[in-house]
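Add chains R and H to chain V, keeping to what the hints say.
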Amino acid sequence: MTTLDNSRAHELGGHGHHEGSYLTPKGGFWATVWDWATTVDHKKIGVMYLCAVLFMFFLGGMAALAVRTELLNPVRTEQVKALGADGKELMENGKPVMKTVITGQWLGDMAAWWKGQELTSIDQGNNWYNRAFTLHGAIMVFMVIIPSIPASLGNFFIPLMLGAKDVAFPRLNLLSWYIYVTGSIFAVCSILIGGVDTGWTFYTPYSTTTDADHANVVLMVLGAFILGFSSILTGLNFVVTVHKLRAPGMGWFDMPLFIWAMYSTSIIQVLATPVIGITLLLLCFERIFRIGIFDPALGGDPVLYQHFFWFYSHPVVYVMILPAFGVISEIIPVHSHKKIFGYRAVAFASLGVALVSFLVWGHHMFASSGELGATVFSALTFLVAIPTAVKVFNWIATLYKGSIALTTPMLYALMFLFLFSIGGLTGLPLGALATDLHLHDSYFVVAHFHYVMMGGTIITFVAGLHHWWPKMFGKMYNQFWANVGAWIVFIGFNVTFFTQFFLGSQGMPRRYASYVDEYHTLHVISTFGSYLLFIGFMVHLLVFIHSLVAGRKAPANPWGGLTLEWEAASPPSEHNFDHEPIVTHGPYDYETTVPPHWNAKDYPLPALPANHH
Amino acid sequence: MSTPATEVFNELDPHGMGSYTKHSHHIVSGMTLKLILAILLAFTALTVGAAQAEKWVEASFALELPRWVNVVVAMSIATVKATLVLMFFMLLRYSNPINTIVFLFCLLAFGLFLFFTLLDLSTRGEINEIKAKQVEAGGIGGIHYGWGKNAPLVDKAPVVYWRERMIAEIGPEEYERRKAILVHGHEAHHEPTNSTGNLSINRPGLTAGLFDASAPAAPAHGHEGSEHAPKQDGKTEHAPAAH
Amino acid sequence: MTTLDTRSNPIGADVQSGEPGWKRYVPGHHWRTADEEFDACTLGFWLFLATEVLLFAGLFCGYTIMRYKHPEAFVNGSSYLDWRWGALNTVVLLISSYTMAAAIRAFQLDRQKAGRLLLAITFICGLGFLVIKFTFEYTPKLSGWFIAIDPALHHYASLVDGEALGGLFKHVAGYGGKAPGQFFSYAFSSDPWEPLWWSIYYCATGIHALHVIIGMTLIAWCYRRAVLYNAYGPSHYTMVENTGLYWHLVDLIWIFLFPLLYLIH
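Protein sequences appear in the order of chains V, R and H.
First residue of the first sequence? That's 1 in this note's numbering, and the numbers climb one at a time after it.
First residue of the second sequence? That's 1001 in this note's numbering, and the numbers climb one at a time after it.
First residue of the third sequence? That's 2001 in this note's numbering, and the numbers climb one at a time after it.
Keep in mind the hints are simulated off the structure, nothing from the lab.
Here the structure is a predicted model, which is why all the values come from computation and not from measurement.
Don't take every hint at face value.
DSSO-like, lysine-lysine: derived pairs with alpha carbons at most 30 Å apart [claimed, not checked]:
| # | chain 1 | residue 1 | chain 2 | residue 2 |
| --- | --- | --- | --- | --- |
| 1 | H | K2023 | H | K2113 |
| 2 | R | K1055 | H | K2023 |
| 3 | H | K2141 | R | K1156 |
| 4 | V | K99 | V | K88 |
| 5 | H | K2113 | R | K1034 |
| 6 | V | K401 | V | K601 |
| 7 | R | K1034 | H | K2133 |
| 8 | H | K2133 | R | K1055 |
These stretches of chain R come out as covered by chain V in the derived footprint (C-beta under 8 Å, 3 or more residues) [claimed, not checked]:
| # | segment |
| --- | --- |
| 9 | 1097 to 1106 |
| 10 | 1110 to 1122 |
Just so it is clear, CB atoms sit at the ideal spot from N, CA and C, and this is done for glycine as well.
So that you can see chain V by itself, here it is in the shape it has in the complex (with noise of 0.2 Å):
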């Protein structure tokens, strides 16, 4: 890779003088708090992203442990025996007398205890349960994965490795952190006038009667209508970014896969989301105003509704998978310090997911759809394994014969390939008609869209935190305890969710209070997996804090990467690189190319004849 000299740097309105990192404080700390508030910087919009999403995947971890907890000992009704005021069995008739007490209404307890009221019958414990899981969901969905890894990875790399100075329309890009602030504290104002119970996807009638003396449903719908402008801003950012701010010599097929990923992301994000606009407007309008869209009583559909709503939320759930895999692109060819296979058949993957994602909504609604739309979107779900299983190959053959180092964001990626093959491979039986009627609202699915977001998504958020996290902070991490936590998650996470998978295909039905006892086990198994996925991101929390306040302080290429940010400092100047960079190689030709900031005599290349094959 070579820079242009500074002469001609200069011509081209190029920095040629070098500057301090983004991260150097502006004057005293009103002064720099000002200057993050109103930056246009797309590092510090990424980074103000980053804590923003770290800290709603804080408060849908609580929910989900809270669910977790509370499934521990489910609500349920008992016959015990009465006792008198003198401690003794009450006996009538010569049988002693039978009282119905309810039992494990942990949540709702604690709600109780919130308010400062008695708990009066079982519906309210259930309802608690009910608070809490849909919580977990709309926060997880809305707030952590769908801006994860676009909003805040995204951002501060995107004009990194395009060699760009920024985003192509920064102050959108600025507004839209702020919309997606503004949405969040409406959800939040929701969650604390007492939440809402509709679950995540807000299907009619639960979303349009329960609470009806509330506003908690309609401050809900609308922060995610909210979150909606700032996803499509960011999307459509992207799309032009990645068309018109690309390096002089970048062309579309030297891109890294990251972007490519994040390209068809961001076409997804700009085509399906304003559906979920009209959608939950609609929404609104029929729960404030009943219109009668999605209400049978007045003419209209509730099924409607789903079609609706899944139009965008299937697309969407591409938004979330899909920057995971352009991580995943990135982290296997650097530490394994060896080309990507079939660069070009991962990047047209990336956009075959795109456009697959538009045909198959309806799987999500087997139960409720007619058997002519089931039977057609079916058949279309399977396309969806073309694109993914050619990456899941082309990242597995990567690897052969690589030089693999087992640093902490090449454990988690092979992490991945683990669990987002258990994840996909499990979608089938779901995408099949008649097993999906055995299986549809069971725990099956439960585990299998964690293992598929959480295990897919989730995973690669942390694995890109620890591939970029020296370039993003400059300071290295310790990679031992970094290690150490990555083997918690991993293990936590399997000891929660594969456990749901036989849940599920024996029958525990997803988003109850209660069960049967026979399932007791396996969700006390679960629970303490989850305790165990909650320690092993308290250590990386640690890990992290602790790289912040004594990490060494980290050098420009830790990974010996060739892509174009790993050319600039570590942390970034403030116009990224010093001179505008031109593309001269591959993003990912390790056998002929000395990464950036490496010495040639440290780095053999192995692109004699002999190696080559």
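Same frame as chain V, now just chains R and H:
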């Protein structure tokens, strides 16, 4: 690298987009704009005229045109108009082709959305009759009509509820008088039909007689002047015709 | 603000220099040329327009499904609308689209006065559209109150039972109440599903009217910048171009809404 970038490399135009960039500053001639406006206005007249002509044909020859005729004619004209606006007012003809591609992809997404939703919802009732037969106007739980806590809770179709209320208030004769005036005021008002509203498929026993209970005996009598009055007799046969 | 502030375009800060604003414009620091920035802005705006189209796609899809389920209700409901108002509004919007396109052309040719005048006409057309929509369509249908000059009023002369604002508005007994969903209270309707028709009608036209208002705001903003700073000229007219695209989209949606709502039979 597929191409040696450094050899023929223009720093100001690294991806050879120059030709498009020039295009984006195209100035359309004033004559073209005026011409397009004239065509658009003419097509507006045409679409109104086509709708009137369809009505005239139906009235004059006692025909019932299939419903798709109205939709297809109107949408075809609207598509032509929209294409003209897109090409000349929105400059797609002159600007970077990527803009056209963006728009076409958006239409593709729209098409998929419409197609699959319609595919499912339009076949659901036919295949699974059990699901289709349960819908009744007004529902079963009652509806609060109006705003606020004092809104009356009514368990019948809004149309029926308000009709009965009005008749109770002003009496059937006055109701008929007002209806004649109000309905006559409309542009070619259509006669009431016994549409059950359920996918237009004949479903006897659902809401048949919905109006018999409350409607005055001869709703047609205020409409002698209406060009559709002769259709009264055959109305129940007409309802399920279109699809 | 930060050193990375992209508002490197200080139009308005330096009015005294005598240079028109469009000549003083400097592209953002991360762009190589002004043309690339313009091209990117146009692409970005087209992507935004795609999201707008897909927003309305939900409404069109809802319309299609509901019309498929309740064709009679739609035929009946449509007959309450007067196609003449719809056609007039179509003409108004088409003319405003023309004036918008002509305004961009005027700025491209540095005809500042013509450009401003055309922008003003576009704005007035938008206003006219809203006045027709609200005064002659929404208000009578919702409340039964007609403005005295409404030509439809003479049909209902014998039912007028109230006046307001010194005879400016007249109330026709029984005409109002054609409201969506639970607010429906019209007593003379003929189809059990008519409230649903009104829901679709108000959602579609209401959200469209909201877009008209947003478009008019953008036009007013462009006009202001044109008057104060001479902000648009041959080499820089990005904002007025994109406002135009938005306005044409509003027109485009109406081109489809008009026959779908007014011309059903």
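Verification of the supplied hints:
1. H:K2023 x H:K2113: holds (17 Å)
2. R:K1055 x H:K2023: Violated. K1055 of chain R to K2023 of chain H sits at ~57 Å, over the 30 Å cutoff.
3. H:K2141 x R:K1156: holds (23 Å)
4. V:K99 x V:K88: holds (14 Å)
5. H:K2113 x R:K1034: holds (19 Å)
6. V:K401 x V:K601: Answer holds: K401 of chain V to K601 of chain V is near 22 Å, not above 30 Å.
7. R:K1034 x H:K2133: Judged against 30 Å, a Cα distance of about 26 Å means the pair holds.
8. H:K2133 x R:K1055: Holds, at about 25 Å.
9. 1097 to 1106: holds (count 3)
10. 1110 to 1122: Since 7 is at least three, the answer is holds.
The structure shown violates just one earlier hint, number 2.
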